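A.B. asks: Each chain, letter by letter, is given below.
There are 4 protein chains.
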Amino acid sequence: MNTFGELFRLTTFGESHGPAMGAVVDGCPSGVALPLERLQAALDRRRPGQSSLTTPRAEPDQLELLSGVYEGRTLGTPIAALVRNVAARSSDYDKLRSEDRPGHADRVWRERYGHRDPRGGGRTSGRETLSRVIGGAVAEAMLAEHLPELRLVAWTTQVGPVHAPELSALPSRAEVDAHPTRCPHAETAAEMAALISRARESGDSWGGALELAALGVPTGLGEPVFGKLKALLAGGLAGIGAVTGVTWGDLDALEKPGREFHTRASVYGGIQGGLSNGEPLRLRVWFKPPATLGEHALNGRHDPCILPRAVPVIEAMAALVLADTWLLQRARPHRK
Amino acid sequence: MNTFGELFRLTTFGESHGPAMGAVVDGCPSGVALPLERLQAALDRRRPGQSSLTTPRAEPDQLELLSGVYEGRTLGTPIAALVRNVAARSSDYDKLRSEDRPGHADRVWRERYGHRDPRGGGRTSGRETLSRVIGGAVAEAMLAEHLPELRLVAWTTQVGPVHAPELSALPSRAEVDAHPTRCPHAETAAEMAALISRARESGDSWGGALELAALGVPTGLGEPVFGKLKALLAGGLAGIGAVTGVTWGDLDALEKPGREFHTRASVYGGIQGGLSNGEPLRLRVWFKPPATLGEHALNGRHDPCILPRAVPVIEAMAALVLADTWLLQRARPHRK
Amino acid sequence: MNTFGELFRLTTFGESHGPAMGAVVDGCPSGVALPLERLQAALDRRRPGQSSLTTPRAEPDQLELLSGVYEGRTLGTPIAALVRNVAARSSDYDKLRSEDRPGHADRVWRERYGHRDPRGGGRTSGRETLSRVIGGAVAEAMLAEHLPELRLVAWTTQVGPVHAPELSALPSRAEVDAHPTRCPHAETAAEMAALISRARESGDSWGGALELAALGVPTGLGEPVFGKLKALLAGGLAGIGAVTGVTWGDLDALEKPGREFHTRASVYGGIQGGLSNGEPLRLRVWFKPPATLGEHALNGRHDPCILPRAVPVIEAMAALVLADTWLLQRARPHRK
Amino acid sequence: MNTFGELFRLTTFGESHGPAMGAVVDGCPSGVALPLERLQAALDRRRPGQSSLTTPRAEPDQLELLSGVYEGRTLGTPIAALVRNVAARSSDYDKLRSEDRPGHADRVWRERYGHRDPRGGGRTSGRETLSRVIGGAVAEAMLAEHLPELRLVAWTTQVGPVHAPELSALPSRAEVDAHPTRCPHAETAAEMAALISRARESGDSWGGALELAALGVPTGLGEPVFGKLKALLAGGLAGIGAVTGVTWGDLDALEKPGREFHTRASVYGGIQGGLSNGEPLRLRVWFKPPATLGEHALNGRHDPCILPRAVPVIEAMAALVLADTWLLQRARPHRK
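Residue numbers (our numbering), protein chains in the order written: chain A, 119 to 454; chain B, 119 to 454; chain C, 119 to 454; chain D, 119 to 454.
The following block holds chain A by itself, in its conformation from the complex (with noise of 0.2 Å):
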């Protein structure tokens, strides 16, 4: 289905050549400041045509907001947001009416549904992102004002073969958008931004991974059996398109023995028993390459690396995970 959370919760729709994508936020509390320019600039974190490493589709993305603020404030009703596809060009798609794209899941889309929509990929398309990162960005603005400590960031940490070397200090958001690549190593933010433009000349592709770290999460956030906050974010994460896997702590120290594995609390991730445990928060979530190569990606005008422009959703979909669960934690006034 199309919503996601339980109490705070995100429901989308739009096709990428639909007339429109939107979301609405229904459970966010009232009172919490969300001017207009607050979504907006969210938005544009995660807008195609940034730099030269992206897709040149350019969609202006201007957000209309239908309901749920008043006045620069939430209502306690569902917030309804829309972004018009202005640059939706169907005619490119309509040679992809009858085949279908390789690497791409238009087959299967047609066995399910019984028919592919052939406006760019309608529901699976990258574009539908864009109602997570509103849904993200009031989901951000709720925790801003009731947990101001907490500071919610994600950084390119691999594209292909370029590795970056292990952060000394938690890069602000500002550190990471420095670089088209969001990466915020300057050196590697380099080396990956020639590989990323060689490819896209070439009509190639890479994959690779994102870091994930929230600071200030309190102490408990998640439900001991099926909603553990790991559960909870590895579902939310997974659930965006390219993702192909999302792991805590260091694979390679499952390598060594519990003795010398447990000596580090960073091992946890800052979580334990299914819960926030009051550390810091951190995982990796692993993207592999996109799919439309060559001529196809030319006309289609897609991301030759999806990784600097996925950094937003990434910590849309996390920032949705930590507001649900901290309202579902505010739910149970447990006693002693």
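Just so you know, the hints here were simulated from the structure itself, not pulled from any lab data. None of the values given here were measured: they were computed from a predicted structure. The reader is advised that the hints may include incorrect statements.
Because identical chains cannot be distinguished in the list, a pair is counted as satisfied if it fits within a single copy or across any two copies.
Claimed, not checked - Derived lysine to any residue pairs resembling SDA-like cross-links, with alpha carbons at most 25 Å apart:
#1 LYS374 / ALA327
#2 LYS374 / ARG316
#3 LYS374 / THR306
#4 LYS374 / ALA262
#5 LYS374 / GLU319
#6 LYS374 / SER384
#7 LYS374 / LEU261
#8 LYS374 / LEU154
#9 LYS374 / SER170
Assemble the complex: chain A is given as a structure, and chains B, C and D must be docked to it using the hints.
C.D. replies: Same frame as chain A, but now just chains B, C and D:
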């Protein structure tokens, strides 16, 4: 919360050292053959004390069916089952009442709930997975009736530094169960067993990885956006205590460019656009080494390596996801 | 929350005096014929200003489809639609900013949300039912495709002291719509119209009752325990603002002993053991008179009697429940 | 499905003539005092065989707690409880195996599930309400801890043609339980008892109505649109087998114009704009006469009038709704 699934729903209950563990499966259609022996056999595969490699806590894990089955077939009503905790030795844990066990979630749990059930960890105990195995067995019974060609199997592929080679063919469950380590590659299995035995003697522990595969999965299971099949699997599997990551395809292949990456169908792990694509489903689940070490481990009767006993739990969670998505897909009569 | 249904889900948004009202329908299968005119026609039946008996607030209620439909057929993706609030006159309500309207929920809303949206009552306004009518129209389109014999109709049966006689046959929607009161019994309709007109002039209002009937409902819809068909209908219908009761069969018949009561099949209202029994579905929905009186009513442009305009809303909620339970029943392939 | 509630969730299981009935309550906070006697006392109020007016089926209904409570307080984990069906006499029902009982859902159930559990009606039996009473008792225990001033009580107000007069003050549960009919007005109670006794002897039965009231309900419970408090109550109460209607306020008052209707606060039944308004909650639940008549009734040991035993079930469902909406309201920290 303690319920998993939308249409095929498992609700679990029970503290590891309370009177009983149990499961309620809601949404199973009527008329499914479900002899008690089938459920008991599933539990026996997970039971401790099956080999010298696991905890000596000797639980008979005798299953009692309370509802939902009549003359060996399901009624379409909730199927409730329970297992008494006969070997619960709360006394062992009495001394833990005032001290938090290293590497355990005791402190987190105490802060969240205002107490820490001193009896063996309560709901975060691995014993809770017993209820999942019951749910998985019902799911498999239903799938067996409607998708007779479905084959679901998991096996140990890594214990600490020991890695199994890529198998030439999918193993059967019997082949997996033939080795106490549940690694179907005999030579590697022996190496793993030796490693685990030594850890057991020295109060140490090992993590590693399992491989999960499914053949005969119908095309189109899952939902295109948040309910992608990979998202549901990742969420379900990451909800198991010791799991520290879920990944699809070969992470090492992410070092290669897209043009090369997309040449093999297996890189999709059987999922495209969020939906099963009819190819074999394939993913990897990573486990950290158990936290209880040394003296605590000896008294508390824990496993030095959870992987062999995790195999049926992983299969159970995957079966629950497949059962749920299969029912969901049936609900919608798409037309051309 | 603002979502209704399990598998066929309606999410609504919009404040009555904000920019727009809208609906997102999730779970509708692909391939259902859904021309824009069908949705617009449904809205037109609910629109104010259709006769001298309703509020003069003149909203064109022009529907815009944002997603989920391509070339007149559903895609299987979320169907989003919106209607702009062009006649919103916030100025009318400015004076209400500091005073609570008698009979309205203003105080309750303010205590709950820490504010009262002064713009016409926000989400508790009857205008919110517009979104339900959109959802109901999609539900009916789906049901029409798969259950062509289904017939769902509601009509006014009581306005204040005026009661319609028992009809000899189920009326058609055209017969119901032929009268501004939506009572298909001409004589009674005239009496009701006179009553409402006088109330309009004197700033008074009337409650009453509607009758809902459905023919061609398949046997077995609903779930035996909490999700009984009558429970879902009661919950759905009681969620409409002015509804003050939902009943099945003849309340007066409860004065008779069981031996007599159970002689007529109609006493079950088409539901037994919680499931539809294949007989005509039949229930009554009771409405209180609108609360806004006198001067406020004249300025705020409210209806002196909500019943005529409630007819399509009641039908919409019933259609949503039938669509949802029909999908749920399809999901489970019960065997003998 | 067999789960009720969003945050405070009751899952029930058990066929009336299977091994056991049971309940799992999920979402109850930790630290709530919940002595076994409290749960047993709740069950005893619903138990058959308490007076000559009810079925002679003699079930001890001894409750066993399986999880969720430790040293008399909740753990914050699922609370599972079961009651064995010791008086199940399947033999009584053997002859029913091939014939559908008049007035029962046997045929409907058989068409839906492809079978009819011959053992006493399976899940549609009134015995299923036992599980609801367990859930309600946990809900009341939680509410008692956090809302000590809350008072929830139901009583019989109509049996067939006998109506109780309007009470001058809300009765206590003790006052209600003082009469086998659970009508706190002594004279009317005697009349009702005589009526029921005669029906019992002649194999007849009676329907009627209950009144439900709650004092001390906090303002603002419920959600403005689909989750209106009245919608949740209507849905919850209409989910009880014999219920044939749920209404608020005085249906006769609907004959009066709004100007007159809205002069008394009691017409709102304690709910405005979908939310509790701080006034006493008040509603009426209508019951049809039990269907089993004559010879079948005598063998099958059913009640000639369900109302006295329905009182604790109605209270239980109301308590579950209040518990759930109270947790939901706590979840959202609205700001001014």
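A.B. asks: For every hint, state whether the structure bears it out.
C.D. replies: Hint check:
1. LYS374 / ALA327: both (23 Å within a copy, 13 Å between copies)
2. LYS374 / ARG316: The answer is between: 14 Å across copies meets 25 Å, while 38 Å in one copy does not.
3. LYS374 / THR306: For LYS374 and THR306, only the inter-copy Cα distance (17 Å) is at most 25 Å; the intra-copy one is 28 Å.
4. LYS374 / ALA262: Neither: 39 Å inside a copy, 39 Å across copies.
5. LYS374 / GLU319: between (42 Å within a copy, 17 Å between copies)
6. LYS374 / SER384: For LYS374 and SER384, only the intra-copy Cα distance (15 Å) is at most 25 Å; the inter-copy one is 29 Å.
7. LYS374 / LEU261: Answer is neither: 37 Å inside a copy and 39 Å across each miss the 25 Å cutoff.
8. LYS374 / LEU154: neither (50 Å within a copy, 41 Å between copies)
9. LYS374 / SER170: between (42 Å within a copy, 22 Å between copies)
Checked against the numbered hints above, the structure breaks hints 4, 7 and 8 and satisfies the rest.
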